[in-house]
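A.B. asks: Now for the letters of each chain:
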Amino acid sequence: MEKMKRRAALASLGSLSLGVSTPILEKGEVFQAPYSVKKTSLKTDILVVGGGTAGVIAAIQAGRAGRKTILVENGSQLGGTTTTGGVAFPGIFFAWGKQVISGIGWELVQAAVAMNDDQLPNFSIPHGKNHPRHQVRLNGQLYAMLIEEKCVEAGVQLRFYETPTKVTPQKNGWLVQTMGKGVIAEISCNQLIDCTGNAFVTSMAGFPVLREAETQPGSLMFQIGGYDFKSLDLKLIQARYQEAIQKGELVKTDFRNNIAGVLRSAGDNISHVMGADSTTSETHTVANLKGRKALLDTLRFLRSLPGLEKTKLIDMQNETAVRETFRIDGHYKITHADYVTGKMFDDSVSYSYYPIDVHDENGVVPDHLNEGIVPTVPLRALVPKNSRNFLVAGRCVSSDRLANSALRVQASCMGMGQAAGATAVLASLQNKSPLEVSIKDIKQLIEEHGGIVPTFV
Amino acid sequence: MSLKLISVLKLTALFLLLWGISGFVSEVAEPIRYFRPYTLALPVAKTIPYLVDFEEETGTDTLFQAVSQEGCPVSYFRHIQNNVCFDGKCRMLVATLYWNPTGRYLGFELPKGEFLSKTDHDPFTPEEYTRLSEILADSLSPLGTFTYNALVPKAAVDVQKVDAVSSPTAPDVLDYIIKGAAYTTYKLWHLVYGPTQLEIEKLTQKTLSADLLLKILESNDLGDKMWAVRRVRPFISAHILLQQKVISLIQDNQYNLSEQIIRELPTTDSTIQRGLAMAFLKNNYAIKKLIVEKLKMASSLTPEMVALFTSALPSLQGESVASILELLRIKKINDPVTGRAIADLLRSDNNFVARKAYDFLTKQKINDPYIEEQLTRFQSKQK
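Protein chains in written order, with our numbering: chain A, 1 to 457; chain B, 458 to 840.
Because the hints were derived from the structure by calculation, they are not lab data.
Quantities reported herein were computed from a predicted structural model and do not represent experimental measurements.
Just so you know, even glycine gets a beta-carbon here, dropped at the ideal spot from N, CA and C.
Treat each hint with caution, since some may be false.
Claimed, not checked - Part of the chain A face toward chain B, derived, beta carbon under 8 Å:
(1) ALA33
(2) PRO34
(3) TYR35
(4) LYS38
(5) ARG64
(6) LYS98
(7) TRP106
(8) GLU107
(9) GLN110
(10) ASP118
(11) SER124
(12) PRO132
(13) ILE237
(14) ALA239
(15) HIS449
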């Protein structure tokens, strides 16, 4: 009996010592094989990289036209600047009393407005200085869910958390390698659309991209509360703000040197993160750190002032939204003169409408378009020089800096997204490169899917 | 006539005498007057005064309603008197403000010999009167959100009644005022868009009829049309002309108005359903979406509507097809004729459209050999 007890004790010691390297499993638990990065190969007609403002529309357009479509997004949700960036006012869709951007983009905006019982602005009011009144305010997170649903409905295969690591030309298309959490995918596609906003797929594919020596600042969107603006002593606050800047406690450019503006708007689109660049994880990390530090420092400062002791952060976006990084060197570069004169091209495929809007360290003073002017985007500006089966859509459109400052806004990006999606569909169906497709056919397809194409009056 | 109205008439008789106003349009020789387009271009038959408590704005005051022979409110007006001071000298701001029956600003008029003046008592130029009228017509002017102190940041003495004395007007508001007459502009704008507007809307509302709405809908002003459209619901089912007029205003180039109309229209009426379907066929994508969403709320679709939408399917693409199929599914349309038409979409070159048709047919389960054959063919093609 005693021997048996010793044996049992030894056995349990044995299992204990084994347990150092192999834990004892509770009921229902199983050991997982070591984490490894799985490799997968996929084939599609159209691959869209970047699930932001333009990419979502391009992918839905391609899916609804019946093409097999994959959309790769490196974040956790769709919508980009509108949703993750928190700039949930994607105007402007109407110009001079007339709708100029419609189609899939407007449909999605319309759906988000309806489901949130929001009120659309009065689009008949004059533009010029009234342009902010034409902005449609959305519930960004609702919008993120709606566009995801529409992508799925259109048959678009969504791949979140993935980013391209290699882009290789192949016969009749491209091979794009992406990497995400535990997966490396090799996606073979006939048509590739770069909607990254940073043109990095274009660059990886070997086509030149351009950027300014100094780019526009980004913005970290947030909302504050806990004070009564009307009762504040703005003169005192402004003086203390300037003192804090002089002492190096706050940075003048973080909030456009305008603390009253921060308080009046209770946050929103007023932060400026100088040099914000979303092109790489490292640069975007820097932009996020800078944006958050500026906000945190400013919150502490505000809470030290009379009337602002209870200032609190109500909401803040997860990342700094970026206005400007790289642009492609396209077959045509849209110039400032083209934009402000509303130049119509033989291959204009979408409209754009926004003032010239370059943010700098002092803020922004929009330069409004003259009455009746509605700029257009030629297809050639969406195609990198010397490329085949390749398109871009969104803010990396080929354009000079001033034109880009207006083209970059979300409604215009949606228009470009639909145009790029439609062009890729036809190129894929006809086994052509985008610039070989008939403009008439592209316009017809865009219109069939509700888009508005520029026409000579 | 009520006692209240009689007393009001007595009180206002003196005013009418003093101001020389004998009806809607003064007979006084060349008074300074600036007017915008009328909502209703009807001659005025009589003027009815109403004593209104405007509370904090001016206290009790008379609001006049100018009425046409048919009893339509053509316009409203109020006589305004307010002190405006500069350099310690005060002058009365005396003017008559006019509104349309929808509450929209109509114009202003000064009594004979009266004029508006700026700092140093300089009279307004004709251009400044025109500009003032434009400013007053801008219901969205930032004057609505600015405090008077923001207009004249360091104004001295009685800040509420001073017209830019000791400091320049704030530069970012110069576009919205007449320079040197900030208080005058500010005061008049706030009178135009103050409680008077609401009183006017209430009074017009009391006389509202389908005929009056039809007349207002003829106005060239979009704001007037919107005002009328927001009030058509109680009248529209019983008035075929009003229905036709309202539906005819659903147009591509008027998104807000079209959206408002579609929102207001009841969907129970078969004539209105038909009108919406016709509007669907002739308008753009954005309007089409609104119409389909509206019809989803209808308790049922008439057979005519079902046939009309089904026949439109082959000429449509993408989301338009999907949304119509969704409408038909919600309305439980499962007759073989409709089903066969939809089954033909299974042969579409566009796989998205074919899949939508497949989803519809498999959910509706229509017992028909042709449909079943098409479904089988589609399924085998997908393998």
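A.B. asks: Would you list, in rising numerical order, the hints stated earlier that this structure does not obey?
C.D. replies: Checked against the structure, the hints that fail are numbers 1, 2, 3, 4, 10, 12, 13, 14, while the rest are satisfied.
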